[in-house]
Structure formats: C-alpha cells, structure tokens
Amino acid sequence: MPSSTIEAPTPQSAAKPSQSREHRQITKVAVLGAGTMGSRIAAHIANAGLPVVLLDIVPLGTDASAPKQERNKFVLAAMDGLKKSKPAAFYAVESSRLIAIGNFEDDLALIADCDWIIEVVAENLEIKRALLDKVQQHRRKDTIITSNTSGLPIHKIVEGMPMELRRHWFGTHFFNPPRYMRLLEIIPTPDTDPADIAAVERFCDLRLGKAIVHSHDTPNFIANRIGTFSMGNAIRLMQEQGLSIEEVDTLTGSALGWPKSGTFRLGDMVGVDVLAHVATNFSAQATRIKDERAEVTLAPFIGKMLEKKWLGDKTKQGFYKKEGKDAEGRDLRHVLDWQTLDYKPSMRPKFAAIEMAKNVESTHARIAQLLHADATKDKAAAFYWPLLTELFTYSANRVPEIADNIVEIDQAMKTGFNWELGPFEMFDAAGVLATTEKMRAAGAQISANVEKLLACAEKRGEANPAWYKDDASVASGRLFFDSVSGEYKPVVTAEGVTSLAVIKKANGVVKKNPGASVIDLGDGVAAIELHSKMNALGDDIVNLITQTLKPSSEIVSNFEAFVITGDSTNFSVGANLMQLLLGVQEEEWDEVEMAVRAFQNMTQAIKFCPRPVVVAPYGMCLGGGVEISLHAAARQPHSELYMGLVEAGVGLIPGGGGCKEMTIRSVEAGSSIRPDARGEGVEIFEALKKNFETIAMAKVSTSAAEARSFGFFKQSDNITMNRERLLTDAKTKARAIADAGYSAPAPRTDIAAPGENALATLKLAVWTMREGQYISDHDAKIANWVAYALCGGKVTPGTPLTEQYLLDLEREAFLSLCGEKKTQERIAFTLKTGKPLRN
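Residues 1 to 839 in UniProt numbering are what the sequence shown spells out, letter by letter.
Don't read these hints as lab results, they were simulated from the structure.
Each hint should be verified, as a subset may be incorrect.
Lysine-lysine pairs mimicking BS3-like chemistry, simulated, CA-CA at most 30 angstroms apart [stated by the list, open to error]: (1) 533 - 84; (2) 822 - 794; (3) 350 - 835; (4) 260 - 316; (5) 699 - 505; (6) 438 - 290; (7) 699 - 344; (8) 690 - 84; (9) 459 - 550; (10) 794 - 832; (11) 309 - 83; (12) 511 - 452; (13) 699 - 832; (14) 86 - 322; (15) 763 - 794; (16) 260 - 832; (17) 763 - 690; (18) 533 - 512; (19) 377 - 452; (20) 321 - 379; (21) 438 - 459; (22) 84 - 350; (23) 832 - 325; (24) 835 - 821; (25) 452 - 512; (26) 260 - 156; (27) 350 - 304; (28) 134 - 68; (29) 607 - 690; (30) 452 - 290; (31) 533 - 86; (32) 290 - 304; (33) 290 - 84; (34) 325 - 822; (35) 83 - 68.
Pairwise CB distance ranges (calculated) [stated by the list, open to error]: (36) 767 - 60: 54 to 60 angstroms; (37) 470 - 774: 22 to 28 angstroms; (38) 123 - 304: 50 to 56 angstroms; (39) 349 - 773: 41 to 47 angstroms; (40) 123 - 539: 53 to 59 angstroms.
Here the structure is a predicted model, which means the values were calculated and not measured.
Positions of the beta carbon are idealized from the N, C-alpha and C atoms, including for glycine.
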C-alpha cells in the first residue's frame with residue numbers, strides 16, 4: 001500500500017496565511033462521535049492505514065471516578081459493533097488496532113496532534129457548538145476541522161466563532177456505510193481556506209476511494225435533496241395512482257438502472273426514521289428557499305409508522321416485515337398495505353413494459369423505451385412519465401442553487417444513491433428534444449435551464465440537444481452543457497482518473513472479439529479488456545489472451561507491457577459454466593479436455609509472456625479470474641475485492657493452474673522461513689494447509705487486504721483505494737516493471753513436492769470432517785482431489801516437479817469431477833440460482 005501520508009499542493013492563488021505553506025499533510029485523524037456513522041468513518045480511515053482517535057460522550061450519571069471502561073461505554077460498544085458488522089466495516093479486523101478510543105471529558109487532549117478532526121455528533125446545533133468550544137481548547141491552531149452534518153447549515157455551526165477556526169472549517173458529508181458508499185460531499189463556507197479543501201479532497205480521493213462532489217451550503221446538500229424529492233414524488237404518485245409498495249419498488253429498481261431494492265426496500269435499509277428526518281428537515285426549509293415542489297412532503301402513513309416504531313430493518317418491521325425463511329433459506333417478507341397499515345404476503349408484480357424492457361441490455365435504451373411507452377395502455381408508463389419528467393425538471397432547476405453545474409448532481413446521485421445514470425444522463429437517454437416537446441404539449445412547465453440548452457442547440461444547428469457530448473480531445477472524453485455560461489465545457493477529472501471507455505474514444509481498439517479487446521493505453525502499454533456478460537471466461541476471452549500474449553504475437557512486439565482489467569462492475573465470475581455443463585452433459589469429453597487445456601495455455605501465456613502482464617482485479621474475481629491474476633507478473637487490485645477459488649462450490653477444483661500456483665506459493669513461503677526446507681518440511685506444510693483450506697472451503701475475501709492474507713497477492717502487490725484510479729495505477733506499475741528490465745520467468749522444473757506424507761495428513765483431516773458430519777461425501781471427494789493436486793500426487797516428499805506435471809494433475813482431477821453426477825447437479829443449481837448447492 002502507499003504511504004499513509006498524503007500531500008496536497010496549495011493553489012498558486014492562495015492569499016491567506018495558512019495557504020503560504022507548500023503542502024497540507026494528513027497523517028492522523030480524530031472522529032468526534034462514535035455513533036453508526038462516526039465509528040464507520042473511523043474504521044474506513046483505519047482501513048487506509050492511518051491512526052485514528054475516536055471519542056464519544058460519557059454515559060449520563062457516570063461518576064468522574066468511575067473506571068475507564070464505564071466512562072468509555074459508548075465508544076467501546078461502537079468498537080465491538082465495528083468488529084462484528086455486516087457488511088464488514090474493516091478490510092481486516094487487525095486495522096482496529098489503529099483506533100485509539102476515549103471520551104469528550106477525559107480524552108480531548110488526544111486530538112492535539114491530529115491533522116483533521118471530523119465532527120459527527122447529534123444533529124443539534126447547540127450540541128455541536130458546545131463541543132467545538134471544548135475542541136478549541138485542545139486543537140492545534142492550523143488543524144482542519146469539518147462536520148458530517150446532513151441537515152444543518154455548515155456556516156451556522158461556527159457563526160460568531162473565531163476566524164482562525166472558521167478558516168479551517170467546512171462540511172464533509174459522508175454516506176453510510178462510508179466504506180462502500182463512494183460519495184463525499186464537500187461544502188465550503190465563504191471563510192474556508194481552499195488549501196484545506198484541497199488537502200482533504202486529495203486524501204479522500206487517494207486514500208479513502210471517495211468520489212468528491214462540491215455542494216453549496218443549501219438544505220440536504222445535493223444527493224439527499226434530489227434523492228429525497230425523487231423518493232417523495234414516487235410515494236406521492238403511488239398514492240395518487242393507487243399503486244402498491246411492491247409495485248413501486250419494482251418500477252423504481254433495476255429497470256431504471258437504480259438499485260434493485262427500489263424505493264421502500266431502500267427505506268427499510270436506511271431506516272424509516274432517517275428517511276423521515278431528511279424529508280422533515282427539508283420540508284421545514286422548503287418554503288423559505290422557495291422550492292417549487294414544497295408540496296412533496298412526508299406521506300401521512302409514514303408518520304403513523306413512526307408512531308408505531310416500524311422503522312425498517314433495525315426493528316425488523318417497516319415497509320416490509322420478515323416472516324422467517326423459505327425452503328431455500330431466503331428471507332420471507334410480508335409487505336405493508338399503506339392504506340390499511342396491515343401486512344400481507346409479498347408477491348412480485350408484473351408489468352408488460354418491464355417485461356419487454358428486460359430484453360434491452362442498455363440502460364440508456366431501456367429508459368427511452370419505458371418513458372415513451374403509451375401511458376394510456378400501461379400503468380408502468382403512466383407512473384414513469386411524471387416520475388422521470390418531474391425529476392428532470394426538478395434537477396435542472398437546482399443549478400446553480402445547490403451546485404455549480406450538472407456534473408456535480410449526476411456524480412452525487414451515481415455515487416450516493418448508486419444510480420447507474422444521473423438525472424441529466426437519464427434525460428439525455430430519454431431524448432431531451434422529444435421529451436421536452438411531449439412535456440410542452442401536455443402543458444408541463446419547462447425548466448429555464450432546459451430552454452437554454454435547446455436555444456444553444458438551435459443556435460449551433462444541432463438536431464439532438466444533449467446535456468453531454470463526447471469529445472476525445474479532453475481528458476474526461478466528455479463535455480457538459482454549462483447553463484450559467486450557455487456553453488459546453490469539459491467535464492473535469494482529477495489527474496489519474498480514467499477508464500477504458502474514455503481511452504477507446506481517443507485511441508480506438510487494436511483487436512477485438514465479443515469477449516475481450518486489446519486497447520492502446522499509450523506509453524507502450526496495452527490493456528486487455530474483458531467485456532463478456534459478467535466477464536465469464538469463455539472461448540472468446542481465452543483465445544484472445546492466448547493469441548495476444550504468445551511470444552510470436554505481433555502485439556507483443558508492438559507493446560512493452562500489458563494490463564488485464566475492465567470497466568465493468570466485476571472483474572470476472574470465473575469460467576463459463578454453461579459452456580462447460582453443455583459439453584459434460586453431451587459427454588463431449590475430448591472437447592471438455594481441450595477446453596481445460598486451452599484455459600491452462602492461457603494462464604501460462606500470461607505467466608511466460610516476454611512482456612510483463614499486470615492484472616488489476618476488482619469487484620468479484622472468482623475461480624478462473626483468480627487464476628488469471630495468480631499467473632501475472634504483478635497485481636494491482638482495487639480495495640473492494642471479493643476474490644476466491646470457488647470451484648469446490650460447483651463440485652470442481654481449480655483447473656487453470658490455480659492449484660499449481662498455490663503449491664508454488666506454499667513452497668516459497670516455507671523456503672522464506674527456512675531456506676533449506678524440504679518438501680515435507682513443517683514450514684511448507686503449514687503454508688500448504690492454509691492454501692488447502694482456502695481452496696477446499698471455497699473461501700472468498702471481503703477485501704483486497706483479506707485476499708492478500710489468503711495468499712492471492714504478494715507483498716509487492718499494491719492496493720488501489722479509488723476504483724477510478726485503478727487503470728492508471730496498473731498501467732504505471734506495468735510501465736515501471738518494463739522499465740526495470742523485465743525478463744519472463746522460465747517454467748519451473750524444481751518444485752519440491754509436498755508429496756504423499758502431506759497428502760495423507762490432509763486426507764486424514766478431510767476424513768475427520770466427514771466423520772463429524774461437517775461435510776458431505778461429495779465435499780470430501782472434492783477436498784481429496786484438492787489435496788492430491790496441491791501435494792503433487794502420491795510421490796516421495798521433496799521430489800522435484802515441473803509446472804506442467806502439476807497442471808496435468810489439476811486437469812486429471814478436474815475432468816474426473818466433471819463426470820460426477822453430483823458435480824453436474826451443483827453446476828446446474830448455481831447456473832439457475834446463483835448460489836452453491838451442498839449435496
């Protein structure tokens with residue numbers, strides 16, 4: 001990982017005293033408030049490797065002489081919750097050691113050497129101001145201090161306080177859970193030092209992986225302002241059109257490129273009380289700020305839910321109510337009838353428009369199809385028209401009220417609410433001109449900013465006005481319409497932030513098939529982009545990688561280094577199981593063996609390519625995706641990585657060199673402890689046993705840090721925190737390896753076999769697990785094959801083995817298991833449900 005110090009340059013135009021320094025450094029952070037949000041912010045900063053001070057109040061009535069454990073009761077409970085939280089707050093629980101705890105009465109002196117203090121206490125102006133008064137007694141004079149408030153005006157919190165504090169004060173609004181939600185809204189005041197903002201932005205971008213959005217100091221800032229209106233309007237339309245909660249969740253889910261949870265399931269996860277708080281906070285100020293949709297307020301039935309303490313998941317009852325589990329272990333939910341406040345069994349609604357839209361893969365095309373469907377014939381279309389057109393108008397009217405431009409709003413909704421497209425991108429997808437003409441014909445009000453866009457297009461003679469335009473000449477690859485100036489301007493991205501999509505606009509594609517492409521990244525580095533469905537590894541990907549990276553390839557002679565990665569949500573879900581199952585069921589054993597050999601040839605092409613290959617995995621990286629990574633010269637993973645050799649879950653073992661590489665890693669790990677270790681040495685066996693458990697139990701990491709502990713990464717493999725920087729970081733690493741004078745490794749012929757003694761010990765452990773009924777007979781059969789492949793078969797310990805020999809063992813085991821009925825049942829079940837079957 002990079003150093004735990006981030007330096008941000010001060011803008012040249014700086015005029016204030018604190019800006020005369022060349023750099024602002026953030027090496028230690030204090031978080032004041034150990035509630036759900038504060039504690040998780042502290043955990044994520046610890047994930048970045050920084051020491052953190054986490055403080056909270058002393059429980060009311062606790063005596064000053066009480067033991068520290070009693071006075072720190074709240075913060076201790078928060079730490080305990082962090083270690084147990086699901087989804088995990090820490091990349092690795094060991095990071096909790098970086099958090100020093102205490103309370104506001106005894107331990108505020110701990111903030112004295114902190115570079116950044118984050119206030120995350122109750123949403124009460126007087127409580128925040130009182131705490132700041134105490135902080136001032138211990139805070140170093142130039143320390144940056146920010147608030148995570150989501151509802152109070154940032155400038156009001158420090159009104160009348162010393163200028164020295166106000167200069168270093170601004171808003172940093174994280175979204176919960178902060179490890180997973182990328183959005184960070186930065187809200188400056190007129191007094192804020194730009195150097196402080198630059199330092200926090202750079203730190204949060206590079207070290208916390210945040211997408212930075214700049215908001216004005218207006219109610220609910222950006223994401224909650226737009227998101228609350230959108231949710232409130234959906235609820236208003238539900239009541240107006242007589243729809244059910246389930247119907248609205250179906251309509252406001254994945255069909256629009258929004259989270260599949262929809263409106264109400266999301267409300268339960270966030271908390272009905274939190275949703276109500278945000279909505280009420282805005283309603284109280286809507287008239288004052290002259291919001292044109294002030295009538296979109298909290299629905300009366302939600303007020304009744306609050307009275308009954310039906311707050312969602314936290315109380316196990318909200319818009320939905322858990323009613324046990326079904327035969328397959330899935331949650332059974334009853335849904336609230338908002339008119340009677342009774343619960344009834346949940347049923348998945350069907351809409352003709354949604355069913356048709358399922359056949360449209362592109363979200364852009366799907367939105368256009370859904371929005372322009374006949375509202376007189378389909379109630380989905382009748383719902384979508386006002387929902388989306390009113391969202392478009394509301395969002396357009398918010399510039400420049402809540403943000404300087406449309407880019408900030410789109411980015412906020414994509415990274416704060418997990419929308420695939422922001423509202424202006426959705427407007428473009430729907431067709432600005434066609435949608436506006438239809439709105440005008442219906443008598444709907446058109447935003448002044450939309451009229452400016454249309455006027456600009458008419459002036460330019462453009463038939464299809466759009467908020468965004470492609471432009472390969474700018475770093476981001478896009479221009480946006482700036483409604484303030486009435487002109488198009490480049491979308492600004494930080495240096496190092498890019499994507500394959502942007503690079504393809506400028507450089508095109510060197511080579512392509514349906515599953516993968518070769519792209520010139522510049523500086524002598526090429527990328528191999530995976531882009532099949534879910535990046536499942538089928539013939540297309542296998543063939544392209546193998547042909548591209550073989551020594552005689554023209555592409556190898558034209559480039560000096562390679563990166564294997566993608567722009568998709570997941571790096572790869574592994575081998576194409578459908579392709580495999582069809583071959584197995586038709587008993588085309590020669591073809592199945594050829595496919596396994598081809599996969600092995602691909603991973604060997606990666607390992608022995610004359611040019612260095614860096615793999616940059618992200619999201620899900622399973623099975624064959626892990627094997628691609630293991631064979632690379634180096635790896636540059638994204639921090640959010642769900643990585644595992646999961647073949648055992650479908651009744652198989654890794655067959656593309658995964659077992660071979662884990663055997664080599666076991667031998668290397670043992671030799672690093674004792675250089676003269678033999679194959680049967682205890683040092684090698686301990687490493688082998690750990691790798692055996694990783695494969696046989698199909699373990700999947702919850703982070704790149706945990707994947708490293710599984711042995712999938714080496715200490716020299718760095719981790720990228722910001723997904724948007726992954727491609728640049730991987731390219732930089734590939735270029736550095738090439739510049740250092742890379743020589744491809746020679747195939748190993750001296751791998752010391754763990755051999756028959758280690759195999760017998762592992763098989764005894766499998767037998768014990770089976771006897772204890774912890775695993776099934778088929779689990780035991782798979783585990784024994786894993787042991788066989790890892791140990792090099794029944795050979796004398798220390799026998800020198802070749803890599804090809806170990807590959808042959810893997811292939812033998814893989815093909816044998818393919819012929820098992822229970823393996824075929826597992827594959828079929830996983831293809832149908834997406835879940836493993838234990839038979």
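Hints, verified against the model:
1. 533 - 84: violated, 34 angstroms
2. 822 - 794: Between residue 822 and residue 794 the Cα gap is close to 26 angstroms, so the pair holds against 30 angstroms.
3. 350 - 835: holds, 24 angstroms
4. 260 - 316: holds, 20 angstroms
5. 699 - 505: violated, 39 angstroms
6. 438 - 290: With Cα atoms ~27 angstroms apart, residue 438 and residue 290 stay inside 30 angstroms; holds.
7. 699 - 344: violated, 38 angstroms
8. 690 - 84: Answer holds: residue 690 to residue 84 is near 23 angstroms, not above 30 angstroms.
9. 459 - 550: violated, 54 angstroms
10. 794 - 832: Violated - the C-alpha atoms of residue 832 and residue 794 are around 37 angstroms apart, more than 30 angstroms.
11. 309 - 83: holds, 27 angstroms
12. 511 - 452: Since the Cα atoms of residue 511 and residue 452 sit roughly 42 angstroms apart, the hinted pair is violated (cutoff 30 angstroms).
13. 699 - 832: Holds, at roughly 21 angstroms.
14. 86 - 322: The hint holds at about 18 angstroms.
15. 763 - 794: holds, 12 angstroms
16. 260 - 832: Cα-Cα ~19 angstroms, so holds.
17. 763 - 690: Holds. Residue 763 to residue 690 sits at ~14 angstroms (cutoff 30 angstroms).
18. 533 - 512: holds, 15 angstroms
19. 377 - 452: Violated, because 34 angstroms separates the two Cα atoms, which is more than 30 angstroms.
20. 321 - 379: holds, 26 angstroms
21. 438 - 459: holds, 21 angstroms
22. 84 - 350: Violated, because 38 angstroms separates the two Cα atoms, which is more than 30 angstroms.
23. 832 - 325: holds, 19 angstroms
24. 835 - 821: holds, 18 angstroms
25. 452 - 512: violated, 41 angstroms
26. 260 - 156: With Cα atoms ~38 angstroms apart, residue 260 and residue 156 exceed 30 angstroms; violated.
27. 350 - 304: Holds, because 29 angstroms separates the two Cα atoms, which is no more than 30 angstroms.
28. 134 - 68: holds, 20 angstroms
29. 607 - 690: Status holds; Cα separation ~24 angstroms.
30. 452 - 290: Since the Cα atoms of residue 452 and residue 290 sit roughly 22 angstroms apart, the hinted pair holds (cutoff 30 angstroms).
31. 533 - 86: holds, 28 angstroms
32. 290 - 304: holds, 28 angstroms
33. 290 - 84: violated, 45 angstroms
34. 325 - 822: Roughly 25 angstroms separates the two Cα atoms, so the pair holds.
35. 83 - 68: At roughly 21 angstroms apart (the allowed maximum being 30 angstroms), residue 68 and residue 83 satisfy the hint.
36. 767 - 60: 54 to 60 angstroms: Roughly 58 angstroms apart at Cβ, these two residues keep to the hinted range, so it holds.
37. 470 - 774: 22 to 28 angstroms: violated, 56 angstroms
38. 123 - 304: 50 to 56 angstroms: violated, 23 angstroms
39. 349 - 773: 41 to 47 angstroms: holds, 42 angstroms
40. 123 - 539: 53 to 59 angstroms: holds, 56 angstroms
Against the hints set out earlier in the document, violations occur for numbers 1, 5, 7, 9, 10, 12, 19, 22, 25, 26, 33, 37, 38.
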